[in-house]
Structure formats: C-alpha cells, structure tokens
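> So you can see what is in the structure, the chains are spelled out below.
Number of protein chains: 4
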Amino acid sequence: MNTPAFDTAEEYEDKVTGWWRTGVSRIRPGEILLRGYPVEQLIGQLSFADTIWLMLRGELPTAAQRRLLEAALVAAVDHGPQAPSIAAARMAATCGLGLNNAVATGVNLLGDVHGGAGQQCMQVLADLEQAASQGADLDAAAERLVADYRADRRHVPGFGHRFHPRDPRRDPLLALVEEAVTTGEVPGRALRAGTALERALSQGRSRPVPMNIDGATAIIYRELGFPPELGRGLFVLSRSVGILSHAWEEKSQNTRIKGPLPRPLLPAYDGPAPRDLGPRHA
Amino acid sequence: MNTPAFDTAEEYEDKVTGWWRTGVSRIRPGEILLRGYPVEQLIGQLSFADTIWLMLRGELPTAAQRRLLEAALVAAVDHGPQAPSIAAARMAATCGLGLNNAVATGVNLLGDVHGGAGQQCMQVLADLEQAASQGADLDAAAERLVADYRADRRHVPGFGHRFHPRDPRRDPLLALVEEAVTTGEVPGRALRAGTALERALSQGRSRPVPMNIDGATAIIYRELGFPPELGRGLFVLSRSVGILSHAWEEKSQNTRIKGPLPRPLLPAYDGPAPRDLGPRHA
Amino acid sequence: MNTPAFDTAEEYEDKVTGWWRTGVSRIRPGEILLRGYPVEQLIGQLSFADTIWLMLRGELPTAAQRRLLEAALVAAVDHGPQAPSIAAARMAATCGLGLNNAVATGVNLLGDVHGGAGQQCMQVLADLEQAASQGADLDAAAERLVADYRADRRHVPGFGHRFHPRDPRRDPLLALVEEAVTTGEVPGRALRAGTALERALSQGRSRPVPMNIDGATAIIYRELGFPPELGRGLFVLSRSVGILSHAWEEKSQNTRIKGPLPRPLLPAYDGPAPRDLGPRHA
Amino acid sequence: MNTPAFDTAEEYEDKVTGWWRTGVSRIRPGEILLRGYPVEQLIGQLSFADTIWLMLRGELPTAAQRRLLEAALVAAVDHGPQAPSIAAARMAATCGLGLNNAVATGVNLLGDVHGGAGQQCMQVLADLEQAASQGADLDAAAERLVADYRADRRHVPGFGHRFHPRDPRRDPLLALVEEAVTTGEVPGRALRAGTALERALSQGRSRPVPMNIDGATAIIYRELGFPPELGRGLFVLSRSVGILSHAWEEKSQNTRIKGPLPRPLLPAYDGPAPRDLGPRHA
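Chains as they are written, first to last, in full-length UniProt numbering: chain A, 1 to 282; chain B, 1 to 282; chain C, 1 to 282; chain D, 1 to 282.
Everything labelled a hint here was simulated from the structure, so no lab data went into it. Since this is a predicted model, take the numbers as computed values, not measurements. Incorrect hints may have been included.
Treat identical chains as interchangeable: a pair holds within one or across any two.
To be verified - Calculated lysine to aspartate or glutamate pairs in the EDC-like style (CA-CA distance at most 20 angstroms, straight line):
1. 15 with 270
2. 15 with 249
3. 251 with 112
4. 251 with 270
Given these sequences and hints, build the entire structure.
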C-alpha cells in the first residue's frame, strides 16, 4: 500500500532500528547491559543513587560525588500537601487510578514555575561562573546580575522563600559542599558563585534573602557537572518519593473524589447572575 | 453567596485543614519535618534509599532492609526503549515538553499490564504464605495455584519472560534474599512461597518458567513487609530513573516530533477505501 | 548488531508497518482520509459532534443520533472546581505548564471512581437489557439487581448524587431519549431498563434515588449503540471542555503554585511529634 | 496546631472559598449554571461546538462564528499514528490503563513543538495585524518578517509541512473564512495577514511554502477573537477525538505492552561495549 522506500532488508533494519537507538542500555535475550555493565553485576553492589548517576552520566560516581548526590536527593523529597504536585497526586489517588497514574499526575506539575527554579538557578550560576573564569570580579558580577533582575522586577531563582524566612535545608547542604571543596573533591566554582549571589541579594536589606532548596541543590548539581536541565530531572526523581508517599497515604484514608474543599464549603462564584437562554437557540 | 456552614473560625479551621491532613510531613515557617525528623538531620546522614523507606514506612530501615531495598530498586531501572513507558517518554521529549512532563508520560504507562505484575505477584505470594501459615503444604498449594491459572489460561504474574529465556536479574536478587534469610534478617516466607511456585511452574515442562524481575522483587518487597500496592509504587520510583535517562538522551539527539516509525515508512492502513461524502451533509 | 530477523525488504515492511496499522485514518503525501473520507470533504460539512461519531463509529450519524450525542456531550462539560479533575487542572495551570499539560492532568483523573460511573452504568443496563430480551420481567430483574447491590453495600452506578437531591440534567436528557423512542429513532431498550432501575431504587424509600448525569448519559450512549468503555471516552471528550475552561480561567488569574489552601492555612499534621535522628546513622 | 489566622467564620469563608473562585460555573444543590445559564436550558438546544464557545468565551456564538469554529475543530481531529501524541496514546492503551489515562497521555504530548505551532502562528498574525492597523504595508511587513525568520534559520510557524507538499486542509478552511469575510461576519484582518505571509514565503522560490493546518486554523481562531494560548486549547479539544479513536482501536486489537517496534526487531545500541564492574564497588 505504501511506496516501498528501501531495497534490502539491511536498509530497513538500519533505518528502523536506527530511528530507535540508545546508548543507555542494551537488551538482548538473556542480557541487560546498563551503560555497558551487565545488570547482574550492579545488583547488590551499587546503591540506588550510584545507579541514578550511572544511568544519567554513563560512568560511576566517586564516593564524594555520591555523597553530595544523595544529600541533594534526600533534601527535596517533600514539602507537604500545600504543594500543587502533592495535592494533585493525592486527589488523583481518590479517583480510582493506579499509584502510577497518581505519581504521574504529581510529576507532571513540576513545570517551569513549580519545579524549574533549580534548573533556572543552575543557568544563572553557569553565567556567573563563566564571568569569573574570564577574570571578572565575582561579587561585582553578582551585584550587576541582582540589579538587572530587580530592574525587571524578577526574582533571582534559587533565593528567598515565600514560606520559610530561612530554608532549613540550606545550611546542611552548603556544609557538605564546603567540605567537598576543602578536600578538593569538587571544584568550588558554583559554591563561590552562589554565595556571591546570596551576599549581593542581601546587601542593603534589613531582611536577607537566603538561598533556598533550589539554590543549594543547584550548587551541588553544578559542582557535580550536571547540565541545568538535568537539575529538574533530579528534582523529579527526588520529589517522586514525596508524591508517592502522599498518594499512598491518601489511598489509605479511603476518601473518594477528593476536591480542594470539604463538601459543605463551595467555591466562590463571580460569573454572571442566573439567566435564561431565551427562545430556542438551535 | 454560599450558605454559611460553620459558626466559628475554629470550626472552619478544623473542617478545612482536617480535609487536608497528613502524617508524612509537617511544614511550618522554618521547619520541615519528615515523619517527625527535622530534614536538616537527614541531609548527609541518610541515603536516598533510606529516605524512600522512611517516607513510605515512617521509620528507618535496618542495614539489611536497606540493602535489599537498594538491590530491588537498582534491578528494575531500565529495560530499554522497546518498553512503551520508555518509548512514550522519549517521544514526549521531542514534543517541546519539560523533562517533568516526559517522565510523567512514561510513569503514567506503568499500569496493570506494564507495571502491575509485581503487585499482582505480591498478592499471589501473600495467598500462598497465608496457606502455609495455616499448615498447608507449600508445594501442594503452589501446584494447585498453577493448575488454577492454567485452567483459566492465565499467566502466573512474576514468572516467565516474553524476551529472556532466563531473566538475568533473578539470580543475584534471590541470592541476596537467601543471604538475608540465612542470617535471620528477613523471615523467608515469601522466598519459600516464590520458589515453590517456580518449582510448580516447571514441573513436567521441558522448558522451565523461571521467576522474572517482577517475581524476584515481589519476594523482596514481601520479605520487607510492603503491601502489594506499594510494590508498584517502588517499581515506579525505580523505572523513573530509566525513563529520565532515556528522555534526556532523546532530548540530546534533538529529534522533533518523533513517532514510532522513521518518516519514509508509513503505518499500514486497513480502513475503508477512499470514498466521497456525497451531497452536502449538514 | 542485532540478529537479522527477515530476509527481504518486503518482509520488513509487512512486519514493521503491520505493527502500526489502523483503520481510523490514512495519511499520505497530500492525502488525509478519515474513515475513508477525504478530510477536505468533511470541513464545513460536518459538525464537530458528527466528526466525533464518524471517528469512533466509522460511519456518519443520522440526525436523531447526532442530536442525542450532542445533548449528552453538552450535559457533562463541567461540574465546578470541587471536582478533582477540574481542581488539579487549575493547579497545573499555575505551575508553568502548557494548557495541553493542564488538560492532560485533569483528564488523567477521570478514572474508575471519578469518571467511570457512566461506563459501569452502561454495563448494568446491558445486563438488564439482556435479561429483558430473554423474556425476564424488567421490574423484577431491576429489583433483584438493586437488592444484590444493597446486600453488598454498593451503590448502583448512575443513580443518586452526593450533592444534588435531583440532578438537573436528568429530566432534559430523558425527555430527548423519550422523544427519539417515540419516533422510533432509537430502540428504547436502555431507557426502559434505566427507568425500571430508578423505580426499583425508590421503592419503599421516603427519598427517591433519581438517575444522575452518569445514568442519563449511559442510557443515551446505550441507545446509540456505544460499547460501555466508550461511555468513559465520550465523557472524557465532554469534560475536557470544562477542564480547559477552568485551566484557562486560572491562568488568567495569574496565581503561581496554587495549592488546595490559601497560604495562611496549613494542612493538619497527624504524624509523629518532632524527634531526633540520634547518633550518626549512615 | 497551626497559628489561627482569622477571627471569624466569615473571614475563613472569604479566604478559603475566595482561593477557589470561578466565573465559569456555579454548582449548588439542584443547580448547575454554566456561564450563568441553567444547564437544563442548554441540553438539546446547544450544539457541542456552541457549548465549547460558551464555556471559553462566556457568551453564545453567532451562526457564522459557530460554523468557523466547527470547521477548525473538524479539520484537526487526526493525523494518523505517526504523530507521537497518537502513538503514545495507543501504547498507553496496551498497558492496562483506562481510556482516560490513554487520552491524557496523548494530550500531554501536544507541547510547544507538537501542538504549539497554531498558538505561535496566532502570535505572528497578531503582530502583522497590529503593524497593518498602524498603517504599515502588509506585504512589506510580511516580507521583513520572513527575512528575519530566515536570518535566524527558523521556520515561520503555520507554513510548510514536512509531509504534505500542500496540506489538503488549507483550501477548504480558507474558503470558509473568505466567505465569512465577504459577508462581513468576521473582520478579515487575520486572513489578510496570513495570505500576505504566504505570498512572502513563496517569493522567489520554485516550491511554494503553503499554509498548513496550524496556519489556517490560526487565521480562523484570530478572526473569531480567541487569544493565542486558546488556539492550543482548541487544538487539544480537536485532537482528543483522534487520540480517543486510536486508543480505542488499539484496545480492540488486544495488543499487550506495545512498544515502537515489533518484537523481533531491537533498537540499535550505540553505548559502551559490555564491561565488568570490577572489584566490589560498594
């Protein structure tokens, strides 16, 4: 029925399987290679965080790299059911869906605004790091950047929190990075850029604007060499744990068709007053 | 506009916040408790797998429990782009979506058929374990169960693989469970039930029907005390790693609007031959 | 790299394109056939509802069929932001996602519990219709069915409403079906089964349990010959309109990261009291 | 447990229900208002397309507006299983999900690249229309715009098709707009902008770059006064019909866990050669 597009079976094979090609894994009868390693060698040997690193980076992490990755993944697992990702997953769990669908619902919401600040902060850090590597004074560059954001009435991603005066995850995460910088296990460029930014943001303010979870994990992921977009990817893996935990808790509470408000409360309505369609329209 | 439903602010507070209640986390200004622990104590102390356990179970795992959980999570991260979950996430990555949306797309597909075998196997194991605890002979019970499934022309979930003659993940996973049973760190009931089932399935067959990844992880999750539905939840966390890795790889290949077949191949059409609508229909 | 599986290009073509085969549409350069009709003949001639029918059924509807389909699609477009599907889509719209992702989030929640009652009611009607076609007394069969559900403490799907004493969509939908039955345009079997069920449910009750939107549309979709599962599919198309309208309204309100409760209210916490992790765990 | 934030029940009511406020619908016991109209007046009177318009715009369409909206919705329902949205929904249908989840999977993929061209084209048209309204020569403005896009090596959204030399949906859609412009039912500004763009794109080319479905529907939606973002929203409603039809067809074919390639074909692997993990890593 379709115009034949190839002359030989080999041409087809090249075309069709080349359209689906991967360096992540090779699956053949009796064989599962993950980044070249037979899976049976990884089971029992690698931690889950090691495996996340291997799958995303292609090689194994050092002990220091794994330690920082674990810390960042642990820090971001949950921020309660006020977060729309968690709330939506809990609602999904009351609608007769599988846990997979409930988790997907929550993960889907980790978009530019809700889950993208870490990724955006990594980009900001990358720009500052580059300026510094070209000889610019880091503090001066950070001050210019802050001034530019303020002129545009934009928030610098990764700093300040609408809820916490000081994000409790900032200090322990930065302490781990500082330790790794001291021992030379990570370069320290993103840490210097991030703290310069934090100083610049607090200058001349009575209330400082400290780094939040997105800023602190952005520093870690930059120090570990991840591209910005994977910053969001790693946040997704981390927050999936909280999403699953909440969806499961909600399922265990046996609510059905849960909306945002309990039943006796109704959403406010600000549309037109009741009206008639008038004479037959159709 | 709405009929007032409560008389006091306290009644409202009870009703509204009680509608959103959780034991997973408590978030207040400056405070993030995960299952009662301040998050700043967990960062740098817990592994990612420890934290998964804590969030789902409410307490910390023992070293042996963590080791088994890590192994099960590592084993299931990926099975290549032939899996619809991975393929759909890769397609999503070419449509101008964020990585969060691509991962959600893949996770959403881990339904009863694609991601539910582990959960179903846990239920089968639970039934056998219960029979055994009530004094039944395990091998006889397993044989009856296999006979029942075969009479209904159904596959026992967790056994056999449409691709691998012997799933390479089976042996290393079972070896870890056996070790933990030997040292008394897990009870061994699910292991005994699962291996009885494997024996029953192979009886009188020239080709055995060995346990697959779903069966082997089902044994681990049962030995660790997870309810069946969380078996699927844990698979979701594990497979999310492969989904993310593939979605990211696809993004890096810069394909746009990738369908299942490369462009010169067209899907076969078996609908009606071209036809005319005829005189104006509407 | 892979073992060649075919000898000729034709074998490949058969295998690969046969894996992706469809009777819904044929797309070739310069040609788009929908169920055999060139799309350019449909544009301007068919209504959107006609096209929904054509795509799902393969042929065009009669005027009476179209009229009932339109009515059922119109009736179910929205039930306000208390519905989790709408609420979740509104939340999604505040997270930096495209409208497509927001609509997908809402649609995903129309599962067995939230969107499946119509489908389940169609199954119940099908069973009653079959009993009647085999000579059973419809009222007696309906009474037995109601008794069985009550014995299992289950609700008969499609009847009663947790919010409306009488669903305002019931009467106008049933009036349209009755009209079509009178003129012989639909057979009337599902209408008779549904009203028998309604009578049986109200027997001996001071408060009747009238048909709701799911029941009334189930009658229409059965009269029109749709299989039960497509009942859910049609509900998805209908409710997508409300989901889109609400997601769009929410975007226009410019809220960011909207959770279920406004910021000064916090979810209730019923987990463990704050506690210490104790000596270094890892 | 939480700091009380309000003093009276009325304050709570304002705060909580004001957080969830809408002008789309009002749902109270026994009452469903859609944009102010009681739903029972709409059933049997409005077409599905009328109701889409009412829900998104707040008022009813004229006959001419409805006719154009129907045409645009009909034109975009399907473009075959090569489209990733359709392919992913079909895969989802083989994984043990409900039709709602399969449709959500497809809709989720209609992102900036796959579903956003119409929205982007509406923005381009809006810019040209504004230039024209300020007295600029439309053809000159269109030529500058095309030159700018070509200088950036970008495609003008809504023109050209990677598959069809001439999109068969262009002519019938434009014919309907021209008719409505002639009778004065729509202003014609977007039509003039779009055709100016088409002329500019074809200038000095042996092969013209005709308007595609995204361009033609963008003209219609602009003539009807929809904001660009709703262009994507309307495409989502339209394509949902094709997604549902394909997901349903796939379910009826009873495939399980369908990936992109049939089983004997394997994706190409371009990762590292098999390798050993070496001495115990953990």
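> Could you work out which earlier hints the structure fails to respect and list their numbers in ascending sequence?
none
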